[in-house]
Amino acid sequence: LWRRRFGKLESAAETPVAADVVRSNKLERLLIWLSAKGCGTWNNFAEACETLELSTNALPAKGILRRLRLLGHLELSANGDTWMVAPATCVTCVTGDSRHFLAGSRTVLMGPKCDLEWVQHQPDYTGPLRIDCRAREASTFRSVGKASLWLGNVLPDICQWRDGLPTIDGLDAVLYDVERWDGNDFQSCTFVQNTGEWQSPSGLYRLAKKDRPQFSAVEYFFDRPTGRWLRGEFYGLRFLAIRENGSAMRPINYDPQQSRLFVNVRQRWPLMYEKALVLASGFLPQRPANSDWLIYEGVSRHLCDLLASKLQVVVKEVPNA
Amino acid sequence: MNYEEWNRAIINYFTAGGSSGSQVYLSVDEDVLEELGRESNQSLPIIGWTADFQNAVRSDCVSGQEVQLKSHHFEMINGIPGCVTFLAAMVLAATYMAEEVGSETVAAEHNYFTRLREVLGLSLDDRGRPRGFPAARQEALWWLWKRFLVQNNLVPTAERGRSVASRYIQYPISQALLRHGDMARLIQIFRQERASHRLPKFCDFTGMSRWFRRYMFGSSHLRELAHDKDPRRSQAAVEALLELYNSIDFSNAGSAPAAVPGSVVVRRLIAGWYRIADLLTGDISYLLYPRQPRRGVAQTLEIESSSGEWQSLTEERPGRFLPLWEEPLAGGTHYKLRGDPRWSEVIVPEASFRVFVRNPDDPASNVFADWRSPGVGETFLFTCKNRYLKELAVLRQQKVIDWNGDPVALRTPNVNWFEIRDCMVLARQWETNTPEGEELAEVLRPRVSASISFSGGLRAPVAYRWVWLAGYLGNITVAAFEEYVRLKVTDVAAPAHPVFDEIIGSEETVALRDLTQLSAGHYLTEALVSGRTADQKPFEVLAWEDLRGRQSETDPIVTKLGEVRVCGALIEKDGQVDQA
Chain Y
64 LWRRRFGKLE
74 SAAETPVAAD
84 VVRSNKLERL
94 LIWLSAKGCG
104 TWNNFAEACE
114 TLELSTNALP
124 AKGILRRLRL
134 LGHLELSANG
144 DTWMVAPATC
154 VTCVTGDSRH
164 FLAGSRTVLM
174 GPKCDLEWVQ
184 HQPDYTGPLR
194 IDCRAREAST
204 FRSVGKASLW
214 LGNVLPDICQ
224 WRDGLPTIDG
234 LDAVLYDVER
244 WDGNDFQSCT
254 FVQNTGEWQS
264 PSGLYRLAKK
274 DRPQFSAVEY
284 FFDRPTGRWL
294 RGEFYGLRFL
304 AIRENGSAMR
314 PINYDPQQSR
324 LFVNVRQRWP
334 LMYEKALVLA
344 SGFLPQRPAN
354 SDWLIYEGVS
364 RHLCDLLASK
374 LQVVVKEVPN
384 A
Chain U
1101 MNYEEWNRAI
1111 INYFTAGGSS
1121 GSQVYLSVDE
1131 DVLEELGRES
1141 NQSLPIIGWT
1151 ADFQNAVRSD
1161 CVSGQEVQLK
1171 SHHFEMINGI
1181 PGCVTFLAAM
1191 VLAATYMAEE
1201 VGSETVAAEH
1211 NYFTRLREVL
1221 GLSLDDRGRP
1231 RGFPAARQEA
1241 LWWLWKRFLV
1251 QNNLVPTAER
1261 GRSVASRYIQ
1271 YPISQALLRH
1281 GDMARLIQIF
1291 RQERASHRLP
1301 KFCDFTGMSR
1311 WFRRYMFGSS
1321 HLRELAHDKD
1331 PRRSQAAVEA
1341 LLELYNSIDF
1351 SNAGSAPAAV
1361 PGSVVVRRLI
1371 AGWYRIADLL
1381 TGDISYLLYP
1391 RQPRRGVAQT
1401 LEIESSSGEW
1411 QSLTEERPGR
1421 FLPLWEEPLA
1431 GGTHYKLRGD
1441 PRWSEVIVPE
1451 ASFRVFVRNP
1461 DDPASNVFAD
1471 WRSPGVGETF
1481 LFTCKNRYLK
1491 ELAVLRQQKV
1501 IDWNGDPVAL
1511 RTPNVNWFEI
1521 RDCMVLARQW
1531 ETNTPEGEEL
1541 AEVLRPRVSA
1551 SISFSGGLRA
1561 PVAYRWVWLA
1571 GYLGNITVAA
1581 FEEYVRLKVT
1591 DVAAPAHPVF
1601 DEIIGSEETV
1611 ALRDLTQLSA
1621 GHYLTEALVS
1631 GRTADQKPFE
1641 VLAWEDLRGR
1651 QSETDPIVTK
1661 LGEVRVCGAL
1671 IEKDGQVDQA
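From first to last, the protein sequence lines are chains Y and U. Take 64 as the starting number for the first sequence in the working numbering and just add one per residue. Take 1101 as the starting number for the second sequence in the working numbering and just add one per residue.
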């Protein structure tokens, strides 16, 4: 794939950089395979990652799936069992002069339709290739405009988002070994019940069934005011937990000159909000070595303020960060 | 009909309705030619359809006293091989061979070429192989046919002979299952056997196979066929016999069978079962699972249920219609068909046991059906009436068969039937002296000596085919009763040099990826035991460039944000995209 642009793929795995390129191209192949399949189960996905030698400890299948969702390639069913490739679309970048990129379903033949010079690797080679789509080719694919802004507009604020999360009914925490997220890691704790009501604070909990240790633990958010257990993806629930803690929430940094947004890696946003950032440029966030910041490119001031207000986070302006 | 029309008709006749991976015998005889002629919607030539066929071959392939094959005979034209009419003529000649002549003798070679000369209209003053038709060219034609079959996920059966005399003539002889006159003889025999209840009203494969091997045929060819050293050929012959049996109208003693020219055709589709289990309740249901017409594509068909309602038959996969209603395993019923006058009813063969294999495309699912016989080393589901349980236990003690757990009793409408799960046949030789034991041996005794299976790699999402993506090939394993087998993998576009040809151990896994980077194309895997083909399985290597995107047929998965639906980067409200 993309042989002209990147040269020999398989044999190039001798240097670390070339190995990254190989991984990036394998992720591209994964997307092409998923597009050919159309939809499938989580097991299908995990097996494909394994066969393509993508699913290592450094890049587990769940992480790959999340990245594909951020890029608008894939959707996941509410229960997480089934995935489906989204329709091929041409997305307009939020900043710059009317630039576009492709999201959704992909085939090898999409490359030649666009000029290969416009194909780029994702930062840190953690996703499939970003195919820039020039205006003349944009008509080939379904145009969805500035999807990022549209998504930012329709997203609820964080409280409404929390209230809309699916709940787990009838969960008896006594049957589980329980750990609570302390801001850095999970720590063992006792879930307290008194006169039929749970007394433990709101937060992110990890539960492992006492009698079935072979099953992997699951993470839920406990919302004490309503007594509900909420289900969702990890980063989203962790964000809620940090927010509960109030003082732990850090501001985000915004560089207006370079249209870059900086989010602390330990306070990653819930998927749909992060997706609005990624769809602004078609690039996954970059994380420089030894840095705690995720850097999102091509984020306009308007988009930054829109999402920050919905997530109730403070924006700090840092010119030329 | 001209050469090309015959070519298309013959190919369609032998490949349509075949299930994935099924074997194809180009068993052309006069009856087949007459049937093809009748169904061509062209007026019957005065000389008859067989002579019309011969004229078409002669005018295209013969010049004077010489065979003159042209380039189009050696090519795929619009995806179909141009050689099939000529190959059919070669097989037709084999059906005219004197029945007392064995197929691997020098006399056979002489006998065959005499018949071929007759079919091609060449002088009988000359003897032996016709001029202009060297053996190598003949082989190239057969490989073109094989290539076409493998590309269509079917298994070719034509092969070289083992003796010098039969090396090349074995190709057509191996395809001629029934010889001239066999049909008429068999019809007469079937009527007698049916009248004396030695064959049931609705016979199944096992019943016919058992009968075929026991009947004392006067014809030496039929005797040889019933006990052919190649079990795949015997199996194909049983299928042909079953098809003939099901086309006879036994209610009318004077009526001719389907194959006799000008007769009213009585054709029946055979149904099997599709077994599903409810994941929550564990309830097991066996649904009626009709086979598609093996030869020739039928028009839209409807079936009448026992309540009198008509229901359309829709293809589920190559060779099968979608499963219908719950049907008792005992069988012995039939349902009316309408929509295509060639097919009158679906019959459900009667039997006291059934064998089911896992869904080949989704082995992890709960679905079983009678898609094929289990291979060597493959687990399967066996259902039988309770009177066989005792004998099964004896066979288990003898270590010829084993299974997991206890037999599970089935509910209505299969009361007195039991399911035996994860069965596996452990030995080839069965010794039994009870009637039940003999019946069980007939259905369970392995028909093949080795089985090929594929695993691993990245499969292209192509239903009912084994297609690996280039660079991510999987493994081949051969399970056999012998300790060693010969495994051959051939690129059907370049058959002269197999890409792999080695002796391997039974159950040894060959990783294609480690051996060689196979280029995109179609391949035939062949396992040979004692020099004979025991199993064949096609696979394809697909280039990434040829992998196409597919729109899912199920409802799209979307994230709902109020009235807005998000699917990837597509954000819609009331079906409209906001161009923010």
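None of these hints come from the bench; they were simulated from the model. We treat Cβ as the ideally placed atom computed from N, Cα and C, and that holds for glycine. Be a bit skeptical, because a hint or two may be false.
In silico DSS-like cross-links for lysine-lysine, where the CA-CA straight-line distance does not exceed 27 Å [as the list claims (entries may be wrong)]:
(1) U/Lys1170 to Y/Lys373
(2) U/Lys1499 to Y/Lys373
(3) U/Lys1499 to Y/Lys125
(4) U/Lys1660 to Y/Lys209
Computed from the model, here is a short list of chain Y residues facing chain U with C-beta under 10 Å [to be verified]:
(5) Gly135
(6) Glu138
(7) Leu139
(8) Pro264
(9) Leu270
(10) Tyr298
Hints not upheld, ascending by number: Violated hints (numbers, rising): 1, 2, 3, 8, 9, 10; every other hint is consistent with the structure.
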